[in-house]
Each structure stands twice: as structure tokens, then as C-alpha cells.
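Asker: Sequence:
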Amino acid sequence: MIDIFWYCYLVILAIAAIAILITGCKKTLGIIDFLFSVITWIGLFGYVTSTQILTPLVWKFVFVIGLIWDVYFSFKKFNEKVEGDEDTPQSIKLAIIGITLIFLVGPLYFGLFNYAFK
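Under the working numbering, think of the first position of the sequence shown as 1, with each following residue one higher.
What you were told as hints is all true, and nothing was included just to trick you.
Straight-line distance between alpha carbons at most 27 Å, and here's what the computed BS3-like set of lysine-lysine pairs gives:
(1) Lys93 <-> Lys76
(2) Lys26 <-> Lys76
(3) Lys77 <-> Lys26
(4) Lys93 <-> Lys77
(5) Lys77 <-> Lys27
(6) Lys60 <-> Lys77
(7) Lys93 <-> Lys27
(8) Lys60 <-> Lys118
(9) Lys76 <-> Lys60
(10) Lys76 <-> Lys27
Distance ranges between label pairs, derived from CB positions:
(11) Phe73 <-> Val11: 17 to 25 Å
(12) Val11 <-> Gln52: 20 to 28 Å
(13) Ala19 <-> Tyr72: 20 to 28 Å
(14) Leu35 <-> Tyr7: 21 to 29 Å
(15) Ser91 <-> Gly30: 21 to 29 Å
(16) Ile65 <-> Ala14: 19 to 27 Å
(17) Ile31 <-> Leu104: 14 to 22 Å
(18) Phe34 <-> Asp87: 31 to 39 Å
(19) Lys118 <-> Gln90: 33 to 41 Å
(20) Lys27 <-> Ser50: 34 to 42 Å
(21) Ile31 <-> Val64: 18 to 26 Å
By construction, these hints were calculated from the structure, which means they are not laboratory data. No residue lacks a Cβ here, since even glycine has one placed at the ideal position from N, Cα and C.
My request is simple: use the sequences and hints to build the entire structure.
Answerer: Structure, rendered in C-alpha cells:
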């Protein structure tokens, strides 16, 4: 039963990556983010399907670098989008992005961590 949820999550991430590709993120940071998304998706796919893709050492690096990148890119994009919003306190803005990261990207890095380190 749990496998169904992982497969659904994989599909949701794939649809999000395709949507980013179609909308045409032509900036350098957008292209880098897309590449990280695809690479981490492949790692999660390997975890969900119990398929060995590359070596665990590669996935350890992907996990660490991908996590750092996602946190950096998310906060950067979030700050760009709410720059004009002076009414909301900064702590609320940070809490919103933190909660969003945990719920939307948390399962990706949970699976990638298990794939790389176990």
C-alpha cells in the first residue's frame, strides 16, 4: 500500500518537472534547478523501484548537494516573490517556506537519503 503513495509522489514530481520544462525557465538558475530536479527524481525512482542506479557514493553527493541547492533556491525564489509584501513579518515568511519545503520536498530527500545511505 505504501508503494502506491511513492509511485504517486514520483508522478507528481515528474509532472512538476515537465511543467517547469514547458514553461521555459530560461534563466541559468532555472536550468540548474531543473537539472537537480531530474537527477534527484532518478535517485528517488531507484529507491522506490529498488533498482541500483549508479553507486551509493554518487547518491550521497547528490543528496547533500541537492538538499543544499533546494534550500538555497527555494529561499531565493521565495524572497523574490514576496519582496513587495511589507505587511507580513519576516518570521512568518520564513515559516511558510520552511513548512512548504518539508511537505513538498521532504519525501524526496527522505527517499534519496534511504537510497544513498542504506
